[in-house]
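Visitor: Residue-level listing of the chains:
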Amino acid sequence: MYEILEKKVLSDTVKLMKIKAPLVAKKAQPGQFIILRIDEKGERVPLTIADFDRNKGTVTIIFLEVGKTTKQLGKLNVGDSIENFVGPLGMPSEIKKYGTVVCIGGGVGIACLYPIVKALHEMGNHVISILGAKTEKLLLLEKEISSQSDEFYITTDDGSKGQKGFVSDALKQIIEKKKVDMVMAIGPIIMMKVVSDLTRKYNIKTLVSLNPIMVDGTGMCGGCRVSVDGKTKFACVDGPEFDGHKVDYENLMLRNRRFVHEEGDACRLAGVQ
Amino acid sequence: MSVRKTKHEMPEQPPKERIKNFKEVPYGYSKEVAIEEAKRCLQCKNKPCMKGCPVEIDIPRFIACIAQGDFDKAAEVIKAKNNLPAVSGRVCPYEEQCEGQCTLKKLGEPVGVGRLERFIADYEQKKGAKIPKPPKSLGKKVAVVGAGPAGLTCAGDLAKMGYSITVFEALHAPGGVLMYGIPEFRLPKKIVEAEVDYIKKLGVTINYDVVIGKTIAVDELMKEYDAVFIGTGAGLPNWLNIPGENLDGVYSANEFLTRVNMMKAYNFPKFDTPVKIGKIVATFGAGNVAMDCARTALRLGADKSYILYRRTEAEMPARIEEIHHAKEEGVIFKLLTNPLRFYGDKDGHLTEVEYIKMQLGEPDESGRRRPVPIPDSEEKMKIDTALVAIGQSPNPLIPHTVKGLQVGKHGNIIADEDGRTSIPGLFAGGDIATGAATVILAMGAGKKAARAIDQYIKSKK
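Chains as they are written, first to last, in this note's numbering: chain A, 30 to 302; chain B, 858 to 1318.
Keep in mind that the hints were calculated from the coordinates and are not lab data. No incorrect hints appear here.
For lysine-lysine, the following BS3-like pairs were computed, each having C-alpha atoms within a straight-line distance of at most 25 angstroms: (1) B/864 with B/888; (2) B/1203 with A/222; (3) A/56 with B/1080; (4) B/880 with B/984; (5) A/125 with A/206; (6) B/1127 with A/100; (7) A/55 with B/998; (8) A/275 with B/1203; (9) B/998 with B/1057; (10) A/70 with B/880; (11) A/70 with B/1121; (12) A/56 with B/1260; (13) A/234 with A/262; (14) B/1127 with A/104; (15) B/1046 with A/70; (16) A/125 with B/1260; (17) B/938 with B/888; (18) A/100 with B/1133; (19) B/1046 with B/987.
Note that the coordinates shown come from a computational prediction; the quantities given were computed from them, not determined experimentally.
All chains should be built: construct the whole structure from the sequences, respecting the hints.
Guide: Printed below as a string of structure tokens:
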């Protein structure tokens, strides 16, 4: 059992939890993820590691309440425990000196971006961060990420904070002004696709972090397979980060909708909205 | 006295009934029938049946005990060698092993060794397994990676010798393929849990949610333990590598069976993990896993469940019993059929498979006649779900993360007969070493490795 040591409500639908998981905390690296199962009837759900503290043995997760499991998780409180919490899974981000890097986070993807921004910054890169959300209320970790960034931008769809528009608009302005060596984009699939389409034109190396449906997370089921450069890869063991210019986003979007209907049924029956 | 030429029948759920539920298909012998079947055994002095047993059970002896009605003693004889008899009594390919060597085969059918083993194992489980007196602790620690048939056998045997054993399991449940792969109707999960419970009562600790190679490195285990056994199995699904394989509706057998068996998707939404089946299901492959998939599909409500296989029935790798059960239940076999491409609708849902008819040509390296396409024989078939059951490869997580470990070209860990790898103190056995094989061969490998580990640790003193 893995105890919830801290809980923060970041917005109506986004919550942060610090979970006691010393073995995971000891090995966690930016870019990796965990799989959790709330109770013995639960499903296995992958969530990216948003932060970790090796000394305290804690792992931070930030999640959007989108399906039955995340809604149920959001109802748990400090002192409650989760049945299973396994990781760190997947390959870590490649943290090295790139030069100038633009780190883009969209929606709850911002959470996964934070440890990567921190590590890239500590490595001596010139880090430019762009956070995007539909509206100001849905922005996450502004303070944390801005404190680890050399330049910091916000875009909102409705203009309630920062620049009105999309992260790709802000990115385009940056690219036109200065040389960018690498772009890291984590967020909704459509955002990662738009960013990758843009950077392809400028020939800028772009990494995206994918979060497809998984079961075991160890390479066993292949449910998380994605097509990268025409080859089938498993996000759980080969990823979750891939060359953004080579991912088949259409197929990924479709595969992530595989159980939309069932998810709705499960939510209705569990009485979570 | 003349010997009955055929095995005593084991009663089964009728096919029409059983395709509506996930309950076990055969019911097992009654005491009376078990005794009668045991009496068929000729008690051959040279014990040919034992030569066929990978875990070295004294088969004539336990059968003699049954014939005398001493079931407790029979259980003791089996358990002396086999930690998981309720499992092997259900899923062993006896026809190729013990029963394949039985002298009675010259007259008719062999003794139903598998059925008798199952009878005794179930008898013992019902009664509560007798736990052997704990041996004197040797003060040595062994780590076992993977709680599947190889790992559990190795752990159980070493615990019985007096070693302190910790098993590390990546998933949240023990059993490996016994839990995620083999369906409830063939191997009830309660039976597996009871077997695992026995292993734990021998003093074995199982730690779940630990992925060796990620959560803890093999090198760390090597430092902390006197020896390490790797039994991580063949978890990596093989694909057909044809266009359309990533469409919604195409599952690997592993994903499909894991959802249904381990995550209990057949109980959705009581359990949270869903699975979708549709009306027409096609399973590709013809091994035991393929039969499991096709039969599971029927139980989930498919109208039609097909097996598509590129050779003929004679070449099918599945056990005859499994093929027989599948046919009884209405699985339709489309033989000499090789898939070429999957088609989907505009939303990416699988709608059709295109295949080509095959004929058998010259024998290949495996000795089986090679299937060759018949020109211009392409056809299409409407399907909602495709289950790819064409085998698994060794899980790459450990072979790829241990420096100096010799790995074969199929990604398997290279180990000798007794599980010794290229690194002293590191042992491996089961599918991770051999590639995908049977539960009982994995158990046999775990057993041999336990002996080699004992030897290794004692020789270090």
